[in-house]
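**Student:** Sequence:
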Amino acid sequence: MSEVQQGPKDDARTGFPATVQRSTTAKFEWVWSDAGSGAHGDVAVWRPVPEDGWYALGDYAQGDYTKPAALAVTVRQVGLSDRPLLKAPVGFTQVWNDKGSRGDHNGAIWYPEPPPGYVSVGFVASHGYRAPEVEHYACVALQWVEATGVDHKIWSDAGSGAGKDVSLYRPVDANSTFVAQGNYSPWAGVAYRLLSS
Numbered sequence: 103m104s105e106v107q108q109g110p111k112d113d114a115r116t117g118f119p120a121t122v123q124r125s126t127t128a129k130f131e132w133v134w135s136d137a138g139s140g141a142h143g144d145v146a147v148w149r150p151v152p153e154d155g156w157y158a159l160g161d162y163a164q165g166d167y168t169k170p171a172a173l174a175v176t177v178r179q180v181g182l183s184d185r186p187l188l189k190a191p192v193g194f195t196q197v198w199n200d201k202g203s204r205g206d207h208n209g210a211i212w213y214p215e216p217p218p219g220y221v222s223v224g225f226v227a228s229h230g231y232r233a234p235e236v237e238h239y240a241c242v243a244l245q246w247v248e249a250t251g252v253d254h255k256i257w258s259d260a261g262s263g264a265g266k267d268v269s270l271y272r273p274v275d276a277n278s279t280f281v282a283q284g285n286y287s288p289w290a291g292v293a294y295r296l297l298s299s
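In my numbering, the protein residues as written are 103 to 299.
Bear in mind the hints are in silico, worked out from the structure with no lab data behind them. Remember, it's a predicted structure, so these values are computed and weren't measured experimentally. Please note: incorrect hints may appear among the correct ones.
Quick list of the computed label-pair ranges, beta carbon to beta carbon [stated by the list, open to error]:
id, residue 1, residue 2, range
1, 202, 153, 35 to 41 Å
2, 196, 253, 22 to 28 Å
3, 254, 155, 30 to 36 Å
4, 182, 253, 21 to 27 Å
Taking lysine-lysine and the DSSO-like style, the derived pairs with C-alpha atoms no more than 27 Å apart in a straight line are [what the hints assert, rightly or not]:
id, residue 1, residue 2
5, 169, 129
6, 266, 255
7, 201, 255
Don't be surprised by glycine CBs; every beta carbon is placed ideally from N, CA and C.
Construct the entire structure; sequences and hints are all you get.
**Tutor:** Put into structure tokens, the structure is as follows:
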């Protein structure tokens, strides 16, 4: 993005103030699973596939290897604004990778780095150790989100033998995304969800 395409752009055709519009998608692409890793739990991560002009907030993680059991929220900007409400991440910071595990698939977990004044609602995964492409995702302007807690732990790599630790959590009302931290402790970070429109 920078403005998601590069990134989401203002829609000059509408003639009304900008808003973050949301939709859902049931289309996903498999990204990675811990199958064969020896971890005490199972996880698979899927990438939402938005319609043209829409963007994902992050990937979807589920504590088994079946197809996704939820819809993913997608977003776009409609209306006019001096500053875009959605922007692409400026890059990704790797939180964890499975090196050292016995997994059938190489993979990593990443934090989308938001531009100043924006936040990342969800984390993402990769098949292999290369970061995903930024244009798949949108970071959201601060005034369009609020802080939230986590609902439950989805998975940790405990038992996998990986050289690093990670735990994945489901944020409360956070649109089928996940957040991650590099340990097995209770969640200690800040999670975000879209404001109700």
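**Student:** Each hint: holds or not?
**Tutor:** Cross-check of the supplied hints:
1. Take residue 202 and residue 153: their Cβ atoms lie about 39 Å apart, and the range 35 to 41 Å holds.
2. A hinted range of 22 to 28 Å for the beta carbons of residue 196 and residue 253 is consistent with their spacing of about 25 Å.
3. Taking the beta carbon of each, residue 254 and residue 155 are about 33 Å apart, inside 30 to 36 Å as hinted.
4. In this structure, residue 182 and residue 253 break the distance hint of 21 to 27 Å, their C-beta atoms being roughly 36 Å apart.
5. A C-alpha spacing of about 10 Å is found between residue 169 and residue 129, which places the hinted pair at or below 27 Å, so the restraint holds.
6. Between residue 266 and residue 255, the direct Cα distance comes to roughly 18 Å. Compliance with the 27 Å bound is thereby established for this hinted pair.
7. Distance check on the hinted pair: residue 201 and residue 255 sit about 22 Å apart at the alpha-carbon level, within 27 Å; holds.
Checked against the numbered hints listed earlier, the structure breaks hint 4 alone; every other hint is satisfied.
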